[in-house]
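Starting from the known structure of chain A, arrange chain B on it as the hints suggest.
Protein chains: 2
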Amino acid sequence: MPNISNRGMEMPESPIRRLAPYAEVAKKKGRTVYHLNIGQPDIATPEIALNEVKNNDLKVIAYGHSAGNESYRRKLADYYKKYNINVEYSDILITTGGSEAICFGFLSCLNPGDEIILPEPFYANYIGFAVSSGVKIKPITSKIDDGFALPPISEFEKLVTPKTKAILINNPNNPTGYLYSRDELNALRDIVKKHNLYLFADEVYKEFCYDGMEYISAMHLEGIEDNVVMMDSISKRYSACGMRIGALISKNKEIIKAALKFGQARLCPPAYGQMAGEAAIDTPDSYFEEVLNEYVKRRNLVVETLNKIEGVSCPMPHGAFYAAARFPIADADHFCQWLLEEFEYENQTVMLSPMSGFYSTKGLGTDEIRIGYVLNVDDLSNALKCIEEALKVYPGRKTK
Amino acid sequence: MPNISNRGMEMPESPIRRLAPYAEVAKKKGRTVYHLNIGQPDIATPEIALNEVKNNDLKVIAYGHSAGNESYRRKLADYYKKYNINVEYSDILITTGGSEAICFGFLSCLNPGDEIILPEPFYANYIGFAVSSGVKIKPITSKIDDGFALPPISEFEKLVTPKTKAILINNPNNPTGYLYSRDELNALRDIVKKHNLYLFADEVYKEFCYDGMEYISAMHLEGIEDNVVMMDSISKRYSACGMRIGALISKNKEIIKAALKFGQARLCPPAYGQMAGEAAIDTPDSYFEEVLNEYVKRRNLVVETLNKIEGVSCPMPHGAFYAAARFPIADADHFCQWLLEEFEYENQTVMLSPMSGFYSTKGLGTDEIRIGYVLNVDDLSNALKCIEEALKVYPGRKTK
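Same order as they appear, the protein sequences are chains A and B.
The numbering of the first sequence is our numbering, which starts it at 1 and goes up by one.
The numbering of the second sequence is our numbering, which starts it at 1 and goes up by one.
A portion of the hints provided could be inaccurate.
[What the hints assert, rightly or not] Label-pair distances were calculated between CB atoms; the ranges are: (1) Asp78(A) / Glu157(B): 31 to 41 Å; (2) Lys257(B) / Pro152(A): 40 to 50 Å; (3) Asp78(B) / Lys27(A): 42 to 52 Å; (4) Pro152(A) / Pro162(B): 26 to 36 Å; (5) Lys257(A) / Thr161(B): 32 to 42 Å; (6) Lys194(A) / Pro395(B): 38 to 48 Å; (7) Asp211(A) / Pro284(B): 49 to 59 Å; (8) Ile48(B) / Lys193(A): 50 to 60 Å; (9) Asp78(A) / Lys54(B): 35 to 45 Å; (10) Asn84(A) / Lys143(B): 36 to 46 Å; (11) Lys257(B) / Lys27(A): 35 to 45 Å; (12) Leu58(B) / Asn347(A): 39 to 49 Å; (13) Asn293(A) / Leu58(B): 50 to 60 Å.
Hints are computed from structural coordinates only; laboratory data are not their basis.
Even for Gly, the Cβ is constructed at its ideal location relative to N, Cα and C.
For reference, chain A alone in the conformation it holds in the complex (with noise of 0.2 Å):
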């Protein structure tokens, strides 16, 4: 037989699914599982877009332009112009996904043996999509009890070497919900100019700020436009994950070409996917506002939850719907899995998600937890309850 090649042995198994067989388990003895460890919301996908598809008569589902359908690109451009960010139709890709987008825009722009810096804890699945280009990724500590801000740009400088190519940021930020500020984002536009890098800046959670602060977009950025490439989806926005249906956008008219040669070889993304996602941009507004303030509602419960259980800390997120906490555990891997096996409070328990898989250096995040808030109030409050339980009685608890 032959061998698997190295890059397939590298990819890591991702950190989210890996205890799903241990979720089984625990459903198989009859207990409820609370899944807090997935980006997958409960919340509804609006109905225009649900409807676009139901409601199509199309008697062929052919191929469409391989940089997306171009009805779409113009509404994708409309809308992004409530968000101040300014593009033509043609400066959007639509992509399988927003991971098809972080895909092409490291084939398109960096070759293999290239460094990226990015801050950590970031989206597990970067490190895949690196394997896959062969990119090498430069982490810097982002810290808990910094709340997750960005590491000073000296530390950015300190790891810039001739292979360093860019910088990738995911703001808001998946797993910690941190929001940059002004000041965070125009320290990272002087780096990127200094050194004539790309910023690669992953926005799926743009929609989901809160506490009325300003999103700055990469894309709002001064005299770093040919620099930027946007990374967005309509997973989260929509509550659409299984749809596919991403882009890569940017004002750099190079990469745009470099990013369709590779999405003509792939065809196009998928048909109705795009129909949903051409339809959802004219969701009411009304759609977002209960969104939002349900976010706001189940953030401020687990937060407030959190940080009055012993030894437990959480730091305000101001945008996505994760809150990364630190708990008074040494493995949380262990504590996870322990959780699905051995755990239960009143027949429930939960499903986390550890946060190590979400660092690139080996050893930080053991003792920190990210919690997706995508149940209701009341899943949520027995959520909560199981982890407080859990926490007075797993063997594997810090002593101070």
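For chain B alone, coordinates are given in the frame of chain A:
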């Protein structure tokens, strides 16, 4: 502005899509353009598949399993049994189109710099997937005078180096319509076994075999079960190209395990497409009987008509829905562009694919044309008449 990546520069533009702007010009002049250039059939997608999507009542279009929905994989395993391909559902990974199956196969099995041997002319997008994954293509020319039969295995032997890791075949073949014989596949089996190579088999046209000729899958070959990776797609089978659903199939558990990690990074295949793909498995046999009869009628018309035109020769293809012909011209790229820019016959013209882009050896295929018989017999007749008239007046016609 930072530089685009080397692979971004190396990526070929799709040879099929390069001519698209010229077709637009012809249309703007009010001309009817017969599109025989793409693999997008006019055949209706089975209603059972369309209706499944139209009648779905999901409220949230959520992430699915990274390997694809289990119910779909189980049904697909059953479907393959009809073709004497005996696989478990766990041997199947649902992908976003056949394109992603090829990518995952390359990424999982091959290292950057590894070599892959494939008979040319071949599906042009293989070049793009090779560039993305850093793999080197080593072509072996199959000749139109041999009806595009597999070149002698001794030719393959000559290309085997320590870097050779795989042979890739497309059976039935795009762009030639060639269907490999049992002897040819046995010869491939022997060399794969001898050198412990992977055999990638892109069999997306397997439902389209004509004249009672036997379809032999790479999955049928004994003794190399762990070496074979089959790539499949619903695009052609159900005329559902825009759904973007394919599959990677292998009895080799290590390959599936590695491919699944690449699958986890991109989360899941499209939900609506999987829904349709699963339902489509119940498409009645009568659908395929009709479709195959239709294709045979079209193929016969194309091949017979072409061979009557002076200077044109076209071998009879026994599979897929393409015919590859030699035209009495020196530069097929120019001819195809000229057809759109300059030519008209009764205000009609035709869009064809020059074959040069399907060869990796420079200078080959310059007098060859691929015709997709994807239009109904009336339109095809008109298109063929255009070709006949065009060759009478084309200024670049070869003189004997």
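For each hint, the structure was consulted:
no., hint, result
1, Asp78(A) / Glu157(B): 31 to 41 Å, "violated (59 Å)"
2, Lys257(B) / Pro152(A): 40 to 50 Å, "holds (41 Å)"
3, Asp78(B) / Lys27(A): 42 to 52 Å, "violated (27 Å)"
4, Pro152(A) / Pro162(B): 26 to 36 Å, "violated (48 Å)"
5, Lys257(A) / Thr161(B): 32 to 42 Å, "holds (34 Å)"
6, Lys194(A) / Pro395(B): 38 to 48 Å, "violated (56 Å)"
7, Asp211(A) / Pro284(B): 49 to 59 Å, "holds (58 Å)"
8, Ile48(B) / Lys193(A): 50 to 60 Å, "holds (56 Å)"
9, Asp78(A) / Lys54(B): 35 to 45 Å, "violated (28 Å)"
10, Asn84(A) / Lys143(B): 36 to 46 Å, "violated (59 Å)"
11, Lys257(B) / Lys27(A): 35 to 45 Å, "violated (24 Å)"
12, Leu58(B) / Asn347(A): 39 to 49 Å, "violated (28 Å)"
13, Asn293(A) / Leu58(B): 50 to 60 Å, "violated (24 Å)"
In summary, the numbered hints that this structure violates are 1, 3, 4, 6, 9, 10, 11, 12 and 13.
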